[in-house]
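Take the sequences, apply the hints, and build the full model.
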Amino acid sequence: MNDSLVRTRAAFFAVFLLVHVGIAGAAADAHAADLARAAPADVGLNEAGVEKIGALMQTMVDEGELVGAVTLVARHGKVAHFASVGKQDRDKDAPMSEDTIFRIYSMTKPIAGVALMTFYDEGAFTLDDPVAKFIPEFKGLKVAAGDGPEGQPVVVDADHEMTIRELVSHTGGLTYGFFSRSQVDALYQQADILNRDSTLKDMVGKLGAIPLRQQPGSAWHYSVAVDVQGYLVEVLAGKPFDEVLRERIFEPLGMVDTAFWVPAEKTDRFAALYRQTPTGDLVPMPSEYLTKPSFLSGGGGLVSTAMDYARFCQMLLGGGELAGVRILKPETVALMHTNQLPGHIDFISPRVATPGNTFGIDFAIVEEPDGTTDHALAKGEYWWYGIAGTWFGINPVQDVFIVGMIQNFGGLGSGKARIASKRLLYEAIVGE
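Numbering (the numbering used here), first residue to last: 86 to 517.
Just so you know, not all the hints are guaranteed correct.
[As the list claims (entries may be wrong)] With a straight-line Cα cutoff of 25 Å, these simulated DSS-like cross-link-like pairs (lysine-lysine) come out:
hint : residue 1 : residue 2
1    : Lys172    : Lys291
2    : Lys377    : Lys286
3    : Lys286    : Lys218
4    : Lys227    : Lys172
5    : Lys172    : Lys224
6    : Lys172    : Lys501
[As the list claims (entries may be wrong)] What follows is a list of derived Cβ distance ranges for each label pair:
hint : residue 1 : residue 2 : range
7    : Ala271    : Pro221    : 35 to 41 Å
8    : Thr458    : Asp176    : 18 to 24 Å
9    : Glu350    : Glu183    : 14 to 20 Å
10   : Ser372    : Gly456    : 36 to 42 Å
11   : Phe219    : Gly441    : 31 to 37 Å
12   : Leu375    : Gly290    : 25 to 31 Å
13   : Ile504    : Glu207    : 36 to 42 Å
14   : Ala349    : Phe219    : 34 to 40 Å
These aren't lab readings, by the way, just hints derived from the structure by calculation.
Please read all numbers here as calculations on a predicted model, not as lab measurements.
The beta carbon of each residue, even a glycine, is placed where N, CA and C say it ideally should be.
And the structure:
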């Protein structure tokens, strides 16, 4: 699929939403608002239904599934729900608050994707450009064809160079090293690809010496692709990734607490991190993020707050603009939540293998809700989450988004909070 065809489809979809779903008029005007507070009924939500989201989080805290949580819902540009429950730090008996800072891990990925797409808007690249055009280390990468001796896979030539479209949709042939098992995954682990004390350039050099796990475009596999996007941003900008994020996203959107580390003056707002044991207990984990890392991870390196991330979501829901500040063109935002996967593709790593979901540019997309994991009204939602339980979902059809922040590293509580809270949101729309 070439860029012009994707742009045409995305533009048509955007126009369809404006004309046929009724976002034009009052809702479009509301997008210019700066996320002011509003009663649920004023934005077409059932108040009792919305209150169930906070009640769910409180119940999960009371039952020991969470230590604390912050949830935020906005519709038509107004915040209709913003609640904090439980503790920010159990050992310090510090209460959770609206401005608590969380490790958002993979919710960094959409932010990195938006940063990259600002250069797309400027004509710096096309999605069908080979990655090697900008990152020479990726030129002529081999592909693993099977296991070989001494831990080195048998390799063949790639049938084509990895494209930027494949990079941004996790179909480029990369892996993470721990979501699947292969000799390539083992090589990632041996190379310590995501070493916090290394740099993005170091990572790219290591990747250039390891074959791709599978042929580009042949499979969806969750991967270090967004960390590579961070390096691509550095190449395009000629400056460090964190400076680009600050200049192009954080400062324009007023995301004052989003960064790669928590400075000393903000540590009193930094949530403790917990791991769920097999018996269900939540035990504290060691914390990083208190000093600036060398490795500026586009795949999972940021900390943020619920309101900061809400401003990012509202910018996307507003077609790339928040309060008069434009970050992306509307058609580029639409392109990011348009399916970028080939017609038939394997899902090796099951992170997005949710029934009825596809994948765009650094977002999963609900195309055909299954009625169980995804509510029927979730059609059109684009979303992702972080390994410590944070989540968001943006639905341009319903003109609504939700942000949830917890600090449970893995465990059943994280998935339950995300799936159940989004279902309650859509039920509140049903009940208006």
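Verification of the hints:
no. : hint                        : verdict
1   : Lys172 / Lys291             : violated (41 Å)
2   : Lys377 / Lys286             : holds (17 Å)
3   : Lys286 / Lys218             : holds (16 Å)
4   : Lys227 / Lys172             : violated (49 Å)
5   : Lys172 / Lys224             : violated (49 Å)
6   : Lys172 / Lys501             : holds (19 Å)
7   : Ala271 / Pro221: 35 to 41 Å : violated (26 Å)
8   : Thr458 / Asp176: 18 to 24 Å : violated (34 Å)
9   : Glu350 / Glu183: 14 to 20 Å : holds (18 Å)
10  : Ser372 / Gly456: 36 to 42 Å : holds (39 Å)
11  : Phe219 / Gly441: 31 to 37 Å : holds (34 Å)
12  : Leu375 / Gly290: 25 to 31 Å : holds (28 Å)
13  : Ile504 / Glu207: 36 to 42 Å : holds (38 Å)
14  : Ala349 / Phe219: 34 to 40 Å : holds (37 Å)
When held up to the earlier numbered hints, the structure conflicts with 1, 4, 5, 7, 8 and fits the remainder.
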